[in-house]
Structures are given as structure tokens and as C-alpha cells.
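Undergrad: Listed below are the residues making up each chain.
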Amino acid sequence: MNQSIINKIGKVAEVKDIEKKLNIKRATAINYISLLRKKGLVRTWYKKDKSRIYIIRKVAKPIIGNESFYDIINKYSPMKVAFRANYRVIGKKISIEESIIRAIETKHPKIILASLTIFNHIKNWPLLLELAKAYNIRRKIGALYELARRFIRVRKMPKKTLNSLLNAKNEPNSIVDNFKSKDFKDIEKKWKVYLPFNKVDMLEYEQWR
Amino acid sequence: MAVNIERQNELFLILGRELKRKIECYVIGGSAMIYHGAKNETKDIDLVFLNEKDQKEIVDILKEGGFKEKQTRLVYIKRLEHLKKRSPIMLEKDDMRIDLFNKIIICFYLTENIENRVTDLFEFGNLFVKVISPEDIILLKCATERAGDRADALELINNFDINWKIIIKESLEQTKLGESIFPVFLYDFLLELREDLKAEIPNDVLKELLKISENELEKKLKK
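Just so you know, the protein sequences line up as chains D and L, in that order. Just so we're aligned, residue 1 is where the first sequence starts under this note's numbering, counting upward by one. Just so we're aligned, residue 1001 is where the second sequence starts under this note's numbering, counting upward by one.
No lab work stands behind these hints: they were computed from the structure. Among the hints, a few may not be true.
Stated by the list, open to error - List time: in silico BS3-like cross-link candidates among lysine-lysine, alpha-carbon distance up to 27 Å:
(1) D:K169 x L:K1020
(2) L:K1198 x D:K11
(3) D:K107 x D:K190
(4) L:K1093 x D:K107
(5) L:K1022 x D:K110
(6) D:K21 x L:K1198
(7) L:K1169 x L:K1211
(8) L:K1165 x D:K58
Keep in mind the model is a prediction, meaning the values are calculated, not measured.
Please build the complete structure, drawing on both the sequences and the hints.
TA: Listed below in C-alpha cells is the structure:
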């Protein structure tokens, strides 16, 4: 497909626009989109009525690396988070376990809240413990896990892991600076960590499910 | 003497693995164009750091890896000779050259708006590489005006949906920050691009830039 056809289609188009602009049948227009997609020149968006809009690029952007922890959160969480740029990880794959650690490291309440559901997908608890130790956030992980367990269906953490998290010493005590919970004082007391959420936040989370 | 996306990524991965802490940098020029898909290879890799500490740490790792510092030749346009001290640290090994800037790219400041317009973030271990937007690449091409910069700017104008408002606004912002009258250089650069290389630059944009340039020149003369 030559450049002049791409120019004629324009930057944003629906199938019917392509039909009109190039004076072709619907099936041919769909074929053109398919050809452009193969070249990496098309991105599809959906309108409210689920009809498709195609964003056409003149040059193909190279797709490199693997998904970021934002993508992993969005894959599993009903509450979606957005990152303003295209975020890719090169040279390694971010595990589910690392995603939750990285979410906590952002110190952003919404990202942490969205990541809670990941506890239900953790298979490698020793890895989670190892990473939590490396980032010095064992108590934070423990407190958030206990909070998640009260509202969301999550897998049971092995006792050994739970005890190791609880035994952590000399760790910072706030997940998000200057944020404390009014409703989960018991968890805060047990884990010696301030939770950035109240009941209303967790109920909002439930709303997304 | 060219670096493609694979070699560039390979180098960033080595740097990211060697780093003991997280460092952020911005990739500009030809290197950024590679990530946008507008170019297959570049002569050199241009990186901008937010502080001298980060820049030095990367320089040290590269030097340990066999890169040698090259005397900064005045490869940038002569009118900016007085800004030579802001020239990057240039490192070279075999056929690879890396230019490392610290916050200012000759006469161009890495502003918060540029940071907000970043289109891609690539994580290479502890090295976080941010790719600046096509609009900002064009502005930088105007600031450095090295050989091939015009062709690169033309490529971006032809293939991307350039938001000219961003370019005009940022040129004014740069004038506020620095000593150079950025809109004048930009007007010059874009006019040449349109006349010599037939770039599709809207008339309105050039008219607006001319008006801004005249105002800025007047202000400068009054000072």
C-alpha cells in the first residue's frame, strides 16, 4: 500500500470514511485496514456505541520490550490506572509479585488501591517476600494484604511468609506520606504501618468489580 | 558510523545493569527519532540528565567500559559559540558516540512542559529512558542546527501530526529562560525548511512566529 493512500485516508477514520474517501467497497476498506495493521500503522479505538475508529500513523513505531507493572495491574484489576506515556520494560519481564511491590513504591493511593487485587494472583509467595525484603516494605505488604483480604477475594498467604513479614524491623511506617486510616486502626496497630485508605475507598473499589 | 535501535537498547541495558540506583534521563535527537519510528539509525546517542551527579555516574560507567572522552568540537552552530561551556560531554568508543547533556542542551532548557510531553518511558534495569515528543525534537533540531538536522526535522513534519501551537509556545518559554531569542531562530529554521526542502509548514504558523520574533527583538533592543 503506498503512501498516497495512507495520506488520503487521513489520521482518524472509520470504515465508512475510508469507503468514501477511496471510493471502494466496505470489504476492500477492511482489507486496507488489515494491511495497515500488519505494518503496525493502525491503532483501534472504540466509540461509546462500540463502533471502531482507526488512528492511522504514517510511520510504524517499533514495539520493544515487555509490559510494565501498570499493564499488569490493568490486566488483573477491575480499577484501571493510566500512565501518560507508553511504558515498556526492556531486558526482563515484570512478574505479578514485582508489580505489587512497584505499585507500593509509587506512593500513589490510586495505584496502590488498584493493585490490591493482584494478591489473588500471586503464586510465588517466597518471591514476594524476597522482593519486599529488598525494597524494605515487608510490613506494608503485610498490612495491605490483610486489608485486601477483608474486601476482596485473595489467595491465602502461607503462614511462614506472613510471619516473616510481621517480623520485619526498622521499616518506614507510612505507605503514602501523611496518609492515615480512620477505619483500619487494628491493621495499622498490628503491622505498625499507616494505611492510606478508609472504608469508603474500599467500597469504591468494590464498585468497580 | 551508525547506531540502530538494537545497539542503542543494548548500551542502555548495560548501563542500567551497572547502575546501583535509579537514574532518569531523556533521549533526544536522532536517538529519540529511532524510538518514534522516524529513523532507522543515528550517528550519535544524545542523552540529557537532570543533574550533574547522574550525568557523572553514567560517564564513569561508560569510561570504565572503554569509552574515551572527546574534546568537544564546536559541532554546534557558530552563533552559539559563547555557550560552548554548555556543550555536552562527548564519549566515543569504536564507531559509537554518546553526547551527555546536563539539563541544558546548548541554549535549550529541558522544561517541565517538555517532561510532561514525553511519549515513551523505557525501563532498562536502573536506567529509565524517557523519549521526548516529535514537537520537542523539532525545537531541539532548531537549537543545535547540525548537519542532517534539517532533514530530520523534515522527516518529522512529514510523518507526524505536529502540534504547531506547542512549538510556538515552547519557543516563547525558552526565550524567557535563556538569553537567546528562540522564536527568531525557529522562524529562520522553519522558513528554510519550507523554502529549501518544501516542508509542509502552515502559513499561519510562520506568520505568528514572525510577529512574535519582531516583538521579542524589539524587547531585546530596548534592554
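Undergrad: Please go over all the hints and tell whether each is borne out by the structure.
TA: Now for the hints, and whether the structure bears them out:
Distance hint between K169 of chain D and K1020 of chain L is fulfilled; the C-alpha atoms sit about 24 Å from each other, no more than 27 Å. Annotation: proposed proximity of K1198 of chain L to K11 of chain D holds, straight-line Cα distance about 21 Å (limit 27 Å). Proposed proximity of K107 of chain D and K190 of chain D is supported: the alpha carbons are some 21 Å apart, at most 27 Å. Straight-line distance between C-alpha atoms of K1093 of chain L and K107 of chain D comes to about 40 Å, which puts the hinted pair past the 27 Å bound.
Using a Cα cut-off of 27 Å, the hinted pair K1022 of chain L and K110 of chain D holds, with the two alpha carbons roughly 23 Å apart. For the proposed pair K21 of chain D and K1198 of chain L, the alpha carbon gap of about 26 Å is at most 27 Å, so the pair holds. Only pairs whose Cα atoms come within 27 Å are accepted, and K1169 of chain L paired with K1211 of chain L is accepted, the gap being roughly 13 Å. For the suggested pair K1165 of chain L and K58 of chain D, the alpha carbons sit about 21 Å apart, so the restraint of at most 27 Å is met.
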